[in-house]
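Engineer: Below, each chain spelled out in residue letters.
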Amino acid sequence: MKLEVKNGGFGYGEHMILKDINFEIGKNTVMTILGPNGVGKTTLLKCIMGFLKWKTGECLLDGKVMSPHSMKEFWQKTSYVPQAKQSAFSYKVMDAVIMGLNSKQNFFAVPSAEDYDKAYQVLKALGVEKLADKHCNALSGGELQMVMMARALISEPELMILDEPESNLDMKNQLQIVNTIERVADEFKTSCLINTHFPNHALKISDTTLMMGYGNKQLQGKTLDIVTEENIERFFGVCSKVVPIRTEEEKFFTIFPYKIAK
Amino acid sequence: MNTKKIFLQNIYTKLLILFIVLVAAFFFAMCIGRYDITPFDVIEIIIANFKNALENMDKIRVNVVMQVRLPRILLSMIIGAGLACSGASYQCLFGNPLVSPDILGVSAGAGFGASLGILLSAGSAVVQIQALCFGLLAVAIVLFISRVQKKTELYMLVLSGVIVGALFEALVSLIKYVADPQDKLPAITVWLMGSLASASYQKVAIAAVTIVPCMIVLFVLRWKMNLLSLSEEEAKSLGVRVDQLRIVIIVVSTLMTAVSVSLCGIIGWIGLVIPHIGRFFIGNDHRGLIPACIILGATYLLLIDTIARTLTAAELPLSILTAIIGAPFFAIILRRTMGGKG
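Sequence lines, in order, name chains A and B.
Quick note on numbering: my numbering labels position 110 of the first sequence as 112, and the sequence is numbered without any gaps.
Quick note on numbering: my numbering labels position 163 of the second sequence as 176, and the sequence is numbered without any gaps.
Honestly, the hints are just simulated from the structure, not real lab data.
Be a bit skeptical, because a hint or two may be false.
Cut-off 25 Å, straight-line C-alpha distance, at most; resulting in silico cross-link-like pairs (SDA-like, lysine to any residue) [to be verified]: (1) A:Lys94 x B:Arg235; (2) B:Lys27 x A:Ser114; (3) A:Lys48 x B:Thr165; (4) A:Lys136 x B:Phe293; (5) A:Lys55 x B:Ser244; (6) B:Lys163 x A:Met18; (7) A:Lys120 x B:Leu150.
Pairwise CB distance ranges (calculated) [said to hold, decoys possible]: (8) B:Phe342 x A:Asn39: 22 to 28 Å; (9) B:Thr51 x A:Asp119: 48 to 54 Å; (10) A:Ala111 x B:Lys72: 52 to 58 Å; (11) B:Ala326 x A:Val112: 46 to 52 Å.
Here are some chain A residues pointing at chain B (derived, C-beta under 7 Å) [unchecked claim]: (12) Phe53; (13) Tyr82; (14) Pro84; (15) Ala90; (16) Phe91; (17) Ser92; (18) Met101; (19) Asn104; (20) Phe110; (21) Val112; (22) Asn202; (23) Tyr260.
All values derive from a computational prediction rather than experimental measurement.
C-beta atoms are modelled at their ideal positions from N, C-alpha and C, and glycine is treated no differently.
Generate coordinates for the entire structure from the input sequences, incorporating the hints supplied.
Structural biologist: The structure is reproduced here in structure tokens:
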């Protein structure tokens with residue numbers, strides 16, 4: 003599938019939070035939307051997913067303009083991973099994962115034995131099958147985020163949209179989420195659209211990046227061309243160094259911020 | 014290993030135990046009262062009734078079982094189940110375990126309809142119909158007020174419910190203020206506290222054809238209710254048609270509450286307490302919670318009503334008992350579950 007945003011804009015009253023957003027994401031791509039807190043990254047995702055209405059522009063799914071009526075088709079191909087948070091009513095992890103199958107089931111469907119098997123397989127594929135029997139509200143933030151990923155993957159989506167999936171987690175859990183996204187893109191052939199405010203994660207996992215800054219600034223292109231010392235200073239207000247890192251297995255770049263820019 | 018069976022077996026066992034308790038409560042309630050009857054008599058008479066062989070049996074016993082106790086017990090079970098289910102589904106709808114069926118003003122509206130009927134010296138059938146109509150009208154007004162720009166937000170629903178509820182409660186107070194304190198005021202007061210004393214097979218039939226189908230609808234949607242209780246955006250992203258599902262649940266729950274209130278007055282507490290007790294036993298999964306609410310609600314109102322008719326020579330109003338017995342019980346359960354987690 004191909005998802006395009008054309009001339010997207012959104013705001014409350016006169017103040018435009020988003021302006022002239024144009025991008026597309028096709029098969030087997032990982033794209034990050036990178037920017038500091040409060041530039042409208044989450045708002046952008048909400049507009050794409052139809053939770054908020056574009057003020058200008060539109061979204062196209064495989065070349066067709068998306069409308070409230072086409073959302074069913076959209077959700078059959080797309081999964082959304084929200085930021086993990088505890089809910090008022092807690093369910094078992096297995097049941098929470100099975101909920102991900104709903105977009106392909108009819109109005110009266112109740113999970114079948116196969117659905118349970120499928121859910122267990124997905125948890126196993128993500129290496130968190132030991133959580134299967136637990137209650138969601140008894141999980142840590144990192145574990146809950148993995149359950150949310152499993153819920154998104156069980157429907158075998160073509161595109162997964164993730165809203166800052168790693169932002170409230172500790173180092174190890176952040177890496178686990180980042181690694182899982184890499185694996186999802188590789189093994190499941192799922193495209194990913196990820197909101198993040200960590201330039202390092204963008205560097206590590208994404209092919210393309212849309213960088214957003216205050217005052218409707220934006221830049222987009224190949225991640226390596228976008229996440230540069232100069233752009234980080236412009237968009238994040240931070241002086242940094244791009245440093246090559248060499249480990250036994252791989253070689254990659256990382257960003258080291260060292261002071262707040264004048 | 015983690016098949017569906019293993020996951021649900023636990024729930025089925027618990028439901029079975031709850032059901033056995035209900036059956037025991039049924040026989041207990043049938044036997045207790047001013048006229049003593051043994052459980053065997055009850056079974057014998059009910060079987061004889063199905064075989065049309067009642068002529069040979071003790072007339073008084075048959076009368077007590079078939080005409081006095083059975084309709085009242087059946088009505089209490091249906092109404093209790095309905096109110097509990099309605100509470101559970103409203104809690105699911107608002108994603109908030111503190112919600113009760115009164116939240117959209119249905120009880121206040123029905124209370125006004127009934128009070129008005131009593132004030133105007135209308136017959137009991139008219140009082141019932143008025144209660145039903147005003148209960149539904151109150152919710153219709155709430156739905157109308159809360160719909161802004163073709164969209165209904167949950168907080169708008171709650172606030173509209175508060176507004177409409179306050180309005181109708183004030184109107185009830187007005188009627189009480191002007192009502193004749195010799196006969197009409199006591200009648201209104203008693204009605205507003207709920208009673209099953211006027212139970213009849215006709216009322217059982219009305220309850221059965223309205224409340225039971227509503228419960229079936231909720232049971233069919235039991236899995237979807239799990240999804241609906243997530244945040245609105247999550248539910249939408251999982252492909253749930255949130256608006257449709259909400260309307261179905263509002264209509265069904267409102268109808269159940271309105272019918273209950275119109276048949277036997279306002280019975281508080283059940284819609285709030287029973288879903289919690291259900292969550293305590295079964296958990297939040299509506300696949301287990303809805304059947305549990307049906308069984309527990311039926312058991313609870315059945316027992317409360319048995320106490321209401323046997324504790325003193327005069328009938329006690331139900332709302333007084335549901336709260337006096339329910340409040341301490343609820344406190345214990347809440348402390349145990351630490352406010353609904355788990």
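Engineer: Which of the listed hints are broken here?
Structural biologist: 7, 8, 22 and 23
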